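Visitor: Chain residues, written in single-letter form:
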Amino acid sequence: MNPGDTILSIQDLHVEFPINIGTVRAVQGVSLELKMGEVMGLVGESGCGKSTLGFSILRLLRPPGRISGGKILYRDRDIAAMDRRELLALRGSKIAMIFQDPLTSLNPLYSIGDHFVETLKTHEKGLGRKDALVLAERMLESLGIAKDRLHEYPHQMSGGMRQRIMIGLALIMNPDLLIADEPTTALDVIVEAQFLDLLNDLKNRFNLTIILITHNLGNVAQLADRITVMYGGAIAEVAPAGSLFHDPLHPYTRGLLASIPNIRLDQPKLMTMPGSPPDLVDPPAGCVFHPRCPHTMDICRKERPPIAARNGHLVNCWLYKERP
Amino acid sequence: MTEDLIRVENLTMHFPLQKGFMANLFTREKKFVRAVDGVSFAIRKGEVLGLVGESGSGKTTTGRLILRLLKQTSGEVFYRSKSITAYSSGEMECLREKMQVIFQDPYASLSPRMSIGDAISHPLRIHGVADGTKARELTLAMMEKVGLSPASFLYRKYPHQVSGGQRQRVVIARALVTNPDFVVADEPIAMADVSVRSMILELMVKLKEEFDLTYLFITHDLATCKYICDHLAIMYLGKIVEIGPLQEIFRNPVHPYTATLLDAVPVPDPKFRRTHPMPKGEIPSPINPPSGCSFHPRCAYAEPACSLTVPELVDVGMEHRVACPVKAR
Amino acid sequence: MNYSMARGLARPIRFFAGMGRKYGVEWWILCVGALIIIAILAMAFFSPFIAPFDPYRQDAGPQLAAPGGPYLMGTDNLQRDVWSRIVFGSQTILRVSVLAAVISSFFGILLGLISGYAGGAVDRSLSLVMDAVYVFPGLILAIALAAMFGPGVLNITFAVAVIYIPTYFRLVRGQTLAIKQELYVEAARAIGAGSFTILGKYIFPNVIATTVVVFTLNVADAIMIEAALTYLGLGLPPSIVDWGMDLAMGKKYLPSGVWWLVTFPGMMISLLALGFTMLGEGLAEILNPRLLER
Numbered sequence: 001m002n003p004g005d006t007i008l009s010i011q012d013l014h015v016e017f018p019i020n021i022g023t024v025r026a027v028q029g030v031s032l033e034l035k036m037g038e039v040m041g042l043v044g045e046s047g048c049g050k051s052t053l054g055f056s057i058l059r060l061l062r063p064p065g066r067i068s069g070g071k072i073l074y075r076d077r078d079i080a081a082m083d084r085r086e087l088l089a090l091r092g093s094k095i096a097m098i099f100q101d102p103l104t105s106l107n108p109l110y111s112i113g114d115h116f117v118e119t120l121k122t123h124e125k126g127l128g129r130k131d132a133l134v135l136a137e138r139m140l141e142s143l144g145i146a147k148d149r150l151h152e153y154p155h156q157m158s159g160g161m162r163q164r165i166m167i168g169l170a171l172i173m174n175p176d177l178l179i180a181d182e183p184t185t186a187l188d189v190i191v192e193a194q195f196l197d198l199l200n201d202l203k204n205r206f207n208l209t210i211i212l213i214t215h216n217l218g219n220v221a222q223l224a225d226r227i228t229v230m231y232g233g234a235i236a237e238v239a240p241a242g243s244l245f246h247d248p249l250h251p252y253t254r255g256l257l258a259s260i261p262n263i264r265l266d267q268p269k270l271m272t273m274p275g276s277p278p279d280l281v282d283p284p285a286g287c288v289f290h291p292r293c294p295h296t297m298d299i300c301r302k303e304r305p306p307i308a309a310r311n312g313h314l315v316n317c318w319l320y321k322e323r324p
Numbered sequence: 001m002t003e004d005l006i007r008v009e010n011l012t013m014h015f016p017l018q019k020g021f022m023a024n025l026f027t028r029e030k031k032f033v034r035a036v037d038g039v040s041f042a043i044r045k046g047e048v049l050g051l052v053g054e055s056g057s058g059k060t061t062t063g064r065l066i067l068r069l070l071k072q073t074s075g076e077v078f079y080r081s082k083s084i085t086a087y088s089s090g091e092m093e094c095l096r097e098k099m100q101v102i103f104q105d106p107y108a109s110l111s112p113r114m115s116i117g118d119a120i121s122h123p124l125r126i127h128g129v130a131d132g133t134k135a136r137e138l139t140l141a142m143m144e145k146v147g148l149s150p151a152s153f154l155y156r157k158y159p160h161q162v163s164g165g166q167r168q169r170v171v172i173a174r175a176l177v178t179n180p181d182f183v184v185a186d187e188p189i190a191m192a193d194v195s196v197r198s199m200i201l202e203l204m205v206k207l208k209e210e211f212d213l214t215y216l217f218i219t220h221d222l223a224t225c226k227y228i229c230d231h232l233a234i235m236y237l238g239k240i241v242e243i244g245p246l247q248e249i250f251r252n253p254v255h256p257y258t259a260t261l262l263d264a265v266p267v268p269d270p271k272f273r274r275t276h277p278m279p280k281g282e283i284p285s286p287i288n289p290p291s292g293c294s295f296h297p298r299c300a301y302a303e304p305a306c307s308l309t310v311p312e313l314v315d316v317g318m319e320h321r322v323a324c325p326v327k328a329r
Numbered sequence: 001m002n003y004s005m006a007r008g009l010a011r012p013i014r015f016f017a018g019m020g021r022k023y024g025v026e027w028w029i030l031c032v033g034a035l036i037i038i039a040i041l042a043m044a045f046f047s048p049f050i051a052p053f054d055p056y057r058q059d060a061g062p063q064l065a066a067p068g069g070p071y072l073m074g075t076d077n078l079q080r081d082v083w084s085r086i087v088f089g090s091q092t093i094l095r096v097s098v099l100a101a102v103i104s105s106f107f108g109i110l111l112g113l114i115s116g117y118a119g120g121a122v123d124r125s126l127s128l129v130m131d132a133v134y135v136f137p138g139l140i141l142a143i144a145l146a147a148m149f150g151p152g153v154l155n156i157t158f159a160v161a162v163i164y165i166p167t168y169f170r171l172v173r174g175q176t177l178a179i180k181q182e183l184y185v186e187a188a189r190a191i192g193a194g195s196f197t198i199l200g201k202y203i204f205p206n207v208i209a210t211t212v213v214v215f216t217l218n219v220a221d222a223i224m225i226e227a228a229l230t231y232l233g234l235g236l237p238p239s240i241v242d243w244g245m246d247l248a249m250g251k252k253y254l255p256s257g258v259w260w261l262v263t264f265p266g267m268m269i270s271l272l273a274l275g276f277t278m279l280g281e282g283l284a285e286i287l288n289p290r291l292l293e294r
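Residue numbers (this note's numbering), protein chains in the order written: chain A, 1 to 324; chain B, 1 to 329; chain C, 1 to 294.
Simulated from the structure, these hints should not be mistaken for lab results. What you are looking at is a predicted structure, and each value in this text was computed from that prediction instead of being measured. Positions of the beta carbon are idealized from the N, C-alpha and C atoms, including for glycine. A hint or two may mislead.
[As the list claims (entries may be wrong)] So, partial list: chain B residues that the calculated Cβ filter (under 7 Å) puts toward chain A:
no., residue
1, G128
2, A130
3, G132
4, V162
5, M191
6, S195
7, K226
8, F272
9, H276
[As the list claims (entries may be wrong)] Restricting the straight-line Cα-Cα distance to at most 30 Å, the calculated cross-link-like pairs of lysine-lysine (BS3-like) are:
no., chain 1, residue 1, chain 2, residue 2
10, A, K269, A, K302
11, C, K252, B, K157
12, B, K71, C, K22
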């Protein structure tokens, strides 16, 4: 595969959670193409579906969550339709994922070395413990962690170091794709910055494609090549990073960018968006953002907008599509 | 000249570490978490002081010490030039009419069994400001002011029945209903959704003007500080390392830690991508802080003397003070 | 049944069905338990109208007559109608067990709140006393207390009440300790609330949900203890109609094939205890605070 080829293609994905009060439509018809070697930032507020989307790529949804439609094509194999054996071989070795809270993601009863050994042995059956530890040592080195920490336990390490161990575990099998779900939310500002630097460095060294899921627009600005903005379970806008920040098209993106304190800008007033995120059990008809949009038209209330291409962006908004 | 509304002198809080029974038998020395270590500053009436730091800096503990929700190990707190350090709990309870707090987690700071109206009107009843129908009237008016509309409908609702943004409005309303002078806001937007944060910040600015408030704004986010604060105090491992007017510090960050912090703030604009690397290392434990200047192990400008003496805050002009003998020269 | 009657019934039916759908089987368990209790409560309230005979009347019918005819549950050795005695006996057992539970809960909750909130020496000494009482097997302690207090309805009520105070104490103390750490308690302190206000308005309302469940299960347990005490001959003079006592008395005649003196009181005791247990279990699910979260 070459850089620029599509490595992951999500086609019309639907994810829902049937619960007692109704069915939560967490992801509604999302389509996304991921190119090899790029960093895709997946941003949005809580409840927009970005984490659900991330989890569904590896089919890690907790029941009752389930994929109710669509395809997830990884190198032309549909993950959504894979059998369990194929899926387990995929997870951790071809596509890896790191999560928000490193303390709860690591098993407190196992040493760091044990964690690595387990991962390695799962995917390479014949590998012995000694050889596995050698590979782990090499990984720690590239993470800037001393080798003797392999004997330590998760609670003996700081938050930033644990998160680095998480990346180590994720990358030990040399995957193509890394999904990072809010990896810096639990970290301090300086450690967060160190972590993003590390991610960038590892991306180049290991030839990674990264999906960075976060609500922090500052982080994606730092790292992402392209950015997908999600709202209410659907995509609002997809654009190259520079273009998204300097020329946002979707009203939600505009509102969001105007409401964030920016340390480099003089902001006399912050924009506030009226209303609150939509109820995913009973989403608004038509465009899911229309109740809060300053440019709502009649058609926005009735029909879901199709994806329009404009200036290199993909926007899900009636403002950019000629009415039928 | 505007007076100091709040003044803090050498405030110190050392939490004793709880050890097991056996350990207590065999060790004589006690270990402490030095959460706050000799902090001094003043806030003038009408100011918004941003207290900035990462985890372990002691900023949250400082806030609680000022409000006397915690008993300090040593040091003094002054309100309107009167020492409140030795106030009894009864005297303190009366003072709370004028000194209020907004906590980080709106869901956790409201009793799940108290209606919104009851929660907001409770301070009125406690301080004898109003009772019965008068209290209800004042509460409804306050609710409208913070944007909890329609007030009479939401009055009877419970915290779990409203959205996160509304809950934070309830907490703000409760803090301001007795018309306080001074409000400590402890990371008020950290747990809110991104689109709700600007609403809360705007609300706090508007209410500050309307009620003539003075804020102590505790946060780890310098970008938010820039928007709402006019003065800054940067804390590291229990001590203030730099303090002064916000514009001055942003323009000229003297302490190496401040400079690093400013550098690390993620900017929502790819034009401002950081090109140079971050210093290595993480915040040491507040149980065993490094000797001398706590930042010296991570500091690019550290000199041998830095590990020996604890630096004092030194004036570098324009009411800007820094605790770094190397850089403040 | 005409149209307006049907319309009137529609809303309550929808309510019941709605709750059933929402909470599942626990709702129906609660309903059955409540029904049993209401039936027996009715029995207690309307005893003079339900019982065909005076429960003390010793010439209501032939001696040891089997159930049938005018004697629904037969007669006992003193020629008293068993059914009438069952009806009137419900008053005694309900009075003792509910009153005992009320007294228990009052002291247990109050002391638990104080102990949990105050901490320190107060907490340690109260806990010590409560643990000592708790550790005693309930029935044995009740027997000892009943023997000590002597006979009488009020005495037996107190004897039963004492055993359960530690249960409420421990539950409420534990919850108070946990809630004391919650942010909303600190927030209450921050707005200037004093200790009593905090206990009453912030801690107590958040503790009460679990205590209601414990209360109903407590009554169920108290029923069994009361019956056991009177069965053993402690606590009540023969002038009071009581199921446990009747059961004890009827036991002698069992070998001769007289089953109705034992079966009916025993069945009623079990039924009443079951009713309260079902109510408690059902309530536990409904009142579970986690359901209140969004």
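Visitor: Are the hints correct? Go through all of them and say.
Guide: Verification of the hints:
no., hint, result
1, G128, "violated (36 Å)"
2, A130, "violated (31 Å)"
3, G132, "violated (33 Å)"
4, V162, "violated (10 Å)"
5, M191, "violated (10 Å)"
6, S195, "holds (5 Å)"
7, K226, "holds (5 Å)"
8, F272, "holds (6 Å)"
9, H276, "violated (10 Å)"
10, A:K269 / A:K302, "violated (33 Å)"
11, C:K252 / B:K157, "violated (62 Å)"
12, B:K71 / C:K22, "violated (48 Å)"
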